[in-house]
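Residue numbers (our numbering), protein chains in the order written: chain A, 1 to 405; chain B, 1 to 405.
No lab work stands behind these hints, which were simulated from the structure alone. A few of these clues could be false.
The list that follows gives simulated cross-link-like pairs (lysine-lysine, BS3-like), each with its CA atoms no further than 30 Å apart [unchecked claim]:
#1 Lys199/A to Lys156/B
#2 Lys283/A to Lys132/B
#3 Lys199/B to Lys151/A
#4 Lys132/B to Lys370/A
#5 Lys132/A to Lys199/B
#6 Lys370/B to Lys156/A
Ranges between beta-carbon positions, derived for each pair [as the list claims (entries may be wrong)]:
#7 Lys231/A to Gly360/B: 43 to 49 Å
#8 Phe91/B to Lys231/A: 19 to 25 Å
#9 Arg95/A to Glu235/B: 40 to 46 Å
#10 Gly360/B to Leu362/A: 16 to 22 Å
#11 Asp387/A to Asp122/B: 35 to 41 Å
#12 Ser202/A to Gly150/B: 20 to 26 Å
#13 Gly110/B to Asp387/A: 37 to 43 Å
#14 Gly201/A to Glu82/B: 14 to 20 Å
#15 Arg109/A to Pro20/B: 53 to 59 Å
#16 Ser334/B to Gly110/A: 48 to 54 Å
Keep in mind that this is a model prediction, so the values were computed, not measured. Ideal Cβ placement from N, Cα and C applies to all residues, glycine included.
2 protein chains.
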Amino acid sequence: MLNVKTPEEVLAIIEREFCPLPGRTELTALDEALGRVLAEDIIGEEYVPDFHRSTVDGYALRAEDSFGCSESVPAILPCTGEVLMGEAADFTLDRGCCCAVPTGGALPRGADCVVMLEYAEDYGDGTIGICKSAAPGQNLIFRGDDVCPGKVLLEKGRTLNSRDIGALAAMGRVRVPVVKKLRVALISTGDELVPPEEKPGSGQVRDVNGPMLSSLLRGFGAEPIYYGIVKDEEEKLRAAVEHALENCDVVLLSGGSSVGAKDAACRVIGSLGELLLHGIAIKPGKPTILGKAGVKPLVGLPGHPVAAWFVTELFVLPLLSRLMGRERESYSLSARLTESVSANHGRAQYQGLRLERREGELWARPMRSKSGLISSLAGAEGFFCIDRDCEGLPEGAEIRVTIGE
Amino acid sequence: MLNVKTPEEVLAIIEREFCPLPGRTELTALDEALGRVLAEDIIGEEYVPDFHRSTVDGYALRAEDSFGCSESVPAILPCTGEVLMGEAADFTLDRGCCCAVPTGGALPRGADCVVMLEYAEDYGDGTIGICKSAAPGQNLIFRGDDVCPGKVLLEKGRTLNSRDIGALAAMGRVRVPVVKKLRVALISTGDELVPPEEKPGSGQVRDVNGPMLSSLLRGFGAEPIYYGIVKDEEEKLRAAVEHALENCDVVLLSGGSSVGAKDAACRVIGSLGELLLHGIAIKPGKPTILGKAGVKPLVGLPGHPVAAWFVTELFVLPLLSRLMGRERESYSLSARLTESVSANHGRAQYQGLRLERREGELWARPMRSKSGLISSLAGAEGFFCIDRDCEGLPEGAEIRVTIGE
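Bound conformation, chain A alone (with noise of 0.2 Å):
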């Protein structure tokens, strides 16, 4: 009998008995460290810039050296100096005088300012008329404005971007403090299936969840390593889950649809770990299986390329999340249903869609197909669901899509 589980009690299953996996910290180099998971915080060892540093073309000076000033009645200051750009600027500068410097060239010492070149009028005797007054700060970047020892810029358990990656760059972080990629098995069950790259004979298709997931997985960050097709055949499945489970942190089988098959995974699954839950109330993707073996995750998904798709989607990503202390969050978007959905089977029922805008507004076309075709998932831009209390949803009715990995 499936004990068949809401899609939030499943996720508190995940929360509760799965945790962050310990010791898993590498270094990558930061070329690599896109899409990786931070390992720790990140904190500011340096001051980023470490100089005051000017972020106009310009002359630098005491803010109070200008007050007062106008285009007619400038402040004449005696340059005494140039800064270059990459060079340090290792000197005071004297009250009452000025001293060029670059764009994001560094300030002498007692410079608190700079003035812009429009705002400056090169004599050609050594003078500058500065032609509007300044506050002290204006035009400059000071020492650890960035980043300065101890501010913490990117908290473990994030996912990074290269907008992340550009921070490390500028504090020097080359060697990236990441948690290690998981490998996730794949083992594809059913005497039905054929590799892709064959041609199926006649009541044969080819297994399709082996590629579909991997690239799933690769995508996520995960590394999927796939162990083939197995036999509908409980010994067979039996020593390679076993087999798998040696070699990797999560084994995930797909397939094993008919009523024999699915009591041999459950068994097989059941005899190796804990058996945690045995069907979820989500349409498709009813008949998944959940166990553990010590601290690592064992999953049953239906053979269904569709509704295999989408346990991963919703259930297997977030336990990958969770043993990996990824701070996960997905967002959604608002669209309007072009059409009407039906929905009545007591459970969360998820579809693929595709998107359109209309002026502006954008509405979702469902995919609608017979269950199990791969089509009526490829080419859609996202999904949505229709909750399991909903017994449809009318023609331009609101609804949340999620784009999905």
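Given chain A's structure and the hints, the job is docking chain B onto it.
Relative to chain A, chain B alone:
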């Protein structure tokens, strides 16, 4: 003089001046195809599945033989066979008979529906009692329901996701025609720059744009080629750009933020190709140059990392999409501002933000800091834009949030 264009004008220039590069199709293995751009429509070449397929465990029969039956008056049919999973059903079912089929199994000729096990009783004498009448087509997928010859499954220009990979696997398309990755040269210029792994001396800063834009481009699906840091000297810059032009499809140079260096970048781009624009009315990012040498774009990006990031995200990625014939839709989320933001400089203002949830609603906290600080983007989940005509937005105002690459 900067001939400043609005963002819309810049996108129109890109559309007008550049077009998809010819002869860029290559075949890639299915497990390398995630995130790649389809170079051709994917059209069905065979029937998937190639046989009528049961979606349940049960008995295949002619629907008419079940008409009028019920639990109290079952239709009693001889069971004349059993289809095994993965095997052909190479026989014709006689009228008034049934045969056992597993989920996913093939139907024999003549059968046009499947009755679930739950509605059948095996009398043990070679006959089966069917307790529920079935309609033709019930519980089965017809041959070609998923894919049939001539059906367009995925369109040229589409970026492949894991669901699309599944469809390709189902069709046996293990070699996928995709658009070759664009080789994008990155040249950082600036006398003040040192590589990220070096400790900057006084007046120096680390090159942020090299690693940051590399990862932005890689995440987008291009192949960044980093040419390192070039000093602000026109002849060195020209030599570097010429060399990059020979080896790459696109050249991005970032930096040269002092007046002389800016002019040098402009002269180099102008001398090696045609100058298309100089200056975009956005903040940050105004000092941007776009040119083309033959069909190859040359882009002069601002030196400030935040400005360089926005210009790459907002204009360079659309430019690369244009060259690849990539259809790229970016969706935005709706959120409310946690605090007011001012803007009144006649340019569209882009700003990073962090997202937080308050009672299920999405709120955006703008990252505040002086222009040019990378920490104003690090840790940001996305960004928003304040239009050039807008003088600012109050707390609580609804904004459109882009997550970005």
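Hints and how they fare:
A C-alpha spacing of about 25 Å is found between lysine 199/A and lysine 156/B, which places the hinted pair at or below 30 Å, so the restraint holds. This hinted pair checks out: lysine 283/A and lysine 132/B have alpha carbons roughly 24 Å apart, not beyond 30 Å. A distance of roughly 19 Å separates the Cα atoms of lysine 199/B and lysine 151/A; the hinted pair therefore holds under the 30 Å criterion. For the suggested pair lysine 132/B and lysine 370/A, the alpha carbons sit about 21 Å apart, so the restraint of at most 30 Å is met.
At most 30 Å may separate the alpha-carbon atoms for a hinted pair to count; lysine 132/A and lysine 199/B exceed this at roughly 37 Å. The straight-line distance between the Cα atoms of lysine 370/B and lysine 156/A is roughly 25 Å, inside the 30 Å bound, and the hint therefore holds. For the pair lysine 231/A and glycine 360/B, the supplied restraint of 43 to 49 Å holds, since their beta-carbon distance comes to about 48 Å. The supplied range of 19 to 25 Å is met by phenylalanine 91/B and lysine 231/A, whose beta-carbon atoms lie about 24 Å from each other.
The hinted window of 40 to 46 Å between arginine 95/A and glutamate 235/B holds, with their beta carbons roughly 41 Å apart. A C-beta distance of roughly 20 Å is found between glycine 360/B and leucine 362/A, which places it inside the suggested range of 16 to 22 Å. A C-beta distance of roughly 38 Å is found between aspartate 387/A and aspartate 122/B, which places it inside the suggested range of 35 to 41 Å. Between serine 202/A and glycine 150/B the C-beta distance comes to about 22 Å, which sits within the given range of 20 to 26 Å.
At roughly 42 Å, the beta carbons of glycine 110/B and aspartate 387/A sit within the given window of 37 to 43 Å. About 18 Å separates the C-beta atoms of glycine 201/A and glutamate 82/B, a value consistent with the hinted range of 14 to 20 Å. For the pair arginine 109/A and proline 20/B, the supplied restraint of 53 to 59 Å holds, since their beta-carbon distance comes to about 56 Å. In this structure, serine 334/B and glycine 110/A meet the distance hint of 48 to 54 Å, their C-beta atoms being roughly 50 Å apart.
Hint check: a violation occurs at hint 5 only; the rest are consistent with the structure.
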